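**Student:** Listed below are the residues making up each chain.
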Amino acid sequence: MSPLQGYGEPDDWARSQIALRVLVLVGPVVAVLAAGPAGHAPPWWLVGVVAALAGASAWVPDSPFGVAPFLVVLGWWAAALGDASSAWVLVAAAGLVVAHVAGAVASYGPATMPVDVATVRLWAGRGLLVLLTAPVAWAVTRLLGDQPEQPGVWVLGVAAACLATVVATAALGTREEER
Amino acid sequence: MSPVRPAPGGPAAWRPTTALGRALVVGALGVVGALLAGEPAVVVLAAPFVTLAALGVVHRPTHDPVLDSRLDHLTLREGVGTTSRLSLSDAEDAEYLVRVTGQPPYVVMRPSGGRVGRLLVDGGVPEVEISPRRWGRRMLGEEKVALYTPWAGYRFGPVGIGGQWTRVLPTTAPYDSRAEAPQPLGLVGAHRSRRTGNGTELAGIRPFQPGDRLRRVNWRVSLRTGDLHVVTTRAEEDTGVLLVLDALADHGASDGVDGAASSLDLGVRAAAAIAEHHVRRGDRVALRVVGRGHEQVGYGAGPRHLRRIQDRLATVRIGAAAEPDSGVLQLGVTGGAVVVVLSPMLAEPVATVAATLTRRGVAVLVVDTLPPDPRPDVPEDADATLAALAWRMRMVERSVVLDRLAALGCPVVAWRGPGTIDDVLRRLARRARLPRVVGR
Numbered sequence: 005m006s007p008l009q010g011y012g013e014p015d016d017w018a019r020s021q022i023a024l025r026v027l028v029l030v031g032p033v034v035a036v037l038a039a040g041p042a043g044h045a046p047p048w049w050l051v052g053v054v055a056a057l058a059g060a061s062a063w064v065p066d067s068p069f070g071v072a073p074f075l076v077v078l079g080w081w082a083a084a085l086g087d088a089s090s091a092w093v094l095v096a097a098a099g100l101v102v103a104h105v106a107g108a109v110a111s112y113g114p115a116t117m118p119v120d121v122a123t124v125r126l127w128a129g130r131g132l133l134v135l136l137t138a139p140v141a142w143a144v145t146r147l148l149g150d151q152p153e154q155p156g157v158w159v160l161g162v163a164a165a166c167l168a169t170v171v172a173t174a175a176l177g178t179r180e181e182e183r
Numbered sequence: 091m092s093p094v095r096p097a098p099g100g101p102a103a104w105r106p107t108t109a110l111g112r113a114l115v116v117g118a119l120g121v122v123g124a125l126l127a128g129e130p131a132v133v134v135l136a137a138p139f140v141t142l143a144a145l146g147v148v149h150r151p152t153h154d155p156v157l158d159s160r161l162d163h164l165t166l167r168e169g170v171g172t173t174s175r176l177s178l179s180d181a182e183d184a185e186y187l188v189r190v191t192g193q194p195p196y197v198v199m200r201p202s203g204g205r206v207g208r209l210l211v212d213g214g215v216p217e218v219e220i221s222p223r224r225w226g227r228r229m230l231g232e233e234k235v236a237l238y239t240p241w242a243g244y245r246f247g248p249v250g251i252g253g254q255w256t257r258v259l260p261t262t263a264p265y266d267s268r269a270e271a272p273q274p275l276g277l278v279g280a281h282r283s284r285r286t287g288n289g290t291e292l293a294g295i296r297p298f299q300p301g302d303r304l305r306r307v308n309w310r311v312s313l314r315t316g317d318l319h320v321v322t323t324r325a326e327e328d329t330g331v332l333l334v335l336d337a338l339a340d341h342g343a344s345d346g347v348d349g350a351a352s353s354l355d356l357g358v359r360a361a362a363a364i365a366e367h368h369v370r371r372g373d374r375v376a377l378r379v380v381g382r383g384h385e386q387v388g389y390g391a392g393p394r395h396l397r398r399i400q401d402r403l404a405t406v407r408i409g410a411a412a413e414p415d416s417g418v419l420q421l422g423v424t425g426g427a428v429v430v431v432l433s434p435m436l437a438e439p440v441a442t443v444a445a446t447l448t449r450r451g452v453a454v455l456v457v458d459t460l461p462p463d464p465r466p467d468v469p470e471d472a473d474a475t476l477a478a479l480a481w482r483m484r485m486v487e488r489s490v491v492l493d494r495l496a497a498l499g500c501p502v503v504a505w506r507g508p509g510t511i512d513d514v515l516r517r518l519a520r521r522a523r524l525p526r527v528v529g530r
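Protein sequences appear in the order of chains A and B.
For the first sequence, the residue numbers in my numbering are 5 to 183.
For the second sequence, the residue numbers in my numbering are 91 to 530.
Honestly, I wouldn't trust all of these hints.
Unchecked claim - So the derived label-pair ranges between C-beta atoms look like this:
| no. | chain 1 | residue 1 | chain 2 | residue 2 | range |
| --- | --- | --- | --- | --- | --- |
| 1 | B | Glu217 | A | Ala128 | 24 to 32 Å |
| 2 | A | Leu133 | B | Arg150 | 16 to 24 Å |
| 3 | B | Leu126 | A | Val144 | 16 to 24 Å |
Think of the hints as simulated: they come from the structure by calculation, not from any bench.
From a predicted model like this one, the values you see are computed outputs, not experimental measurements.
For each residue, glycine too, the CB sits at the ideal point set by N, CA and C.
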């Protein structure tokens, strides 16, 4: 007796979910490959590692390990390039933001749940808005790149790290703990 | 259904999403690493994530929502749908809602699969339409619900919301019959009785007797014969119909109301159709289910009684029944009743009781509910060849049983909707008027 398997039941992934997960996969790969035109092409094994990590993240977008490909990309750009003179860093930033936004939308529900157009449109606008900070930061770093090092920059760095820690604690702490 | 309220430590609480955690980690590590290591490129990469994390944290929720889900209807017919409505209160912090509805067997939903996510714009909560495709008791509307704050910073749930038991009545196939009952024996009804009485069907003309009504006088015959003669008519009475449903096993595939029908599907739907037809004609209808549940409804008439029969049919359970009298079925057949046995005729007790009642002079009619191409439900580890051989032997035995029943005078017809039992009922009615010797 068949319990109506496949009777209007979407056992397959929704097309919108597939598209989002492809973006989650492609974004970090594009970001690490963008270092090549900037003069520091990544080795093939690094691209493979990023692709594998991004693939795992695309498969389970709600996984906490989804941050791994982002950190590998950040690490390569920090280790290989150093300065922000190349505009290709903006391509890398776009790749990471697209992957993050797509992952956030994909993690709303199971892979079989389609994402409606209004949500995609909303998050596309948000992604573009957030992405505007990258060229601003790029312009600022280029302007300040020729300036001599300020004596209080390390103090400022430590203060920023402390502030980020406080914000993260406030954000990630559960409300039961407050009670 | 009681509303779901947040429980401390349970899933019904706002928690940071992995997206917020990712933005915080990438943003914080990027900024801190860039400052400590003096790598401005990383600041460019991390700046959007700092913004994303900040926007997620800014929209931190302050209220715990209360969820409640209800179905519009708790009694449905096969193929008819209802709507599962979710009500939210204190959900001002939420921007996005996800509903993932459980998929019980023989149930279809819209949106497909019962999975829907929508932005909560103007308080509009997405609805899920649910339609059971097969009769029975079904748990509908069981779902998990999750809420997200703007910028996907926090998630509430997923919270499991229990569904509601719904009674899915068998569909009433279009069925009508113009055949009269073989042995009407009741009060007032639509069937011609063997005895004379008030009615419209001419029974004969006889000499006038004291007490006869004057309007019954046939003046033409009276003038010709010189004596008063009156017209006699046959009484119109109701009849009792006993529906015996074989639920000892279910043979064949069932694909719901608009797909292939198993033997029990055919039996339940045919019983519902016959019961509805006779109740509307004013007859008394009873139901006896031969199965694990021993479902039984006594004789009765009227719409409420019909509803009781349909409710019982919706709760039929498949399985062998332990009959009290060493396996002999006791149906409690009353005089003048028509017994309609709905069975695939693969069980010996059902065939035996049909034969016994026929020998006793009861009007018995067997509706064969075996699908055209039944396939036995064979375990995977069983020998397929052996199983096929056993099934063929069973089919041969079944054909022998059907032949013997026919030889006894018990008609067997396959269910084909309207008019299925008309012809055999007419023949039974004609035969009932003839004198016969019956066993007691």
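**Student:** Confirm or reject each hint.
**Tutor:** Here's how the hints hold up against the structure:
1. B:Glu217 to A:Ala128: 24 to 32 Å: Distance hint for Glu217 of chain B, Ala128 of chain A holds at roughly 26 Å.
2. A:Leu133 to B:Arg150: 16 to 24 Å: Since Leu133 of chain A and Arg150 of chain B have Cβ atoms about 20 Å apart, the given range 16 to 24 Å holds.
3. B:Leu126 to A:Val144: 16 to 24 Å: Once the Cβ atoms are compared, 18 Å apart, the range 16 to 24 Å for Val144 of chain A and Leu126 of chain B holds.
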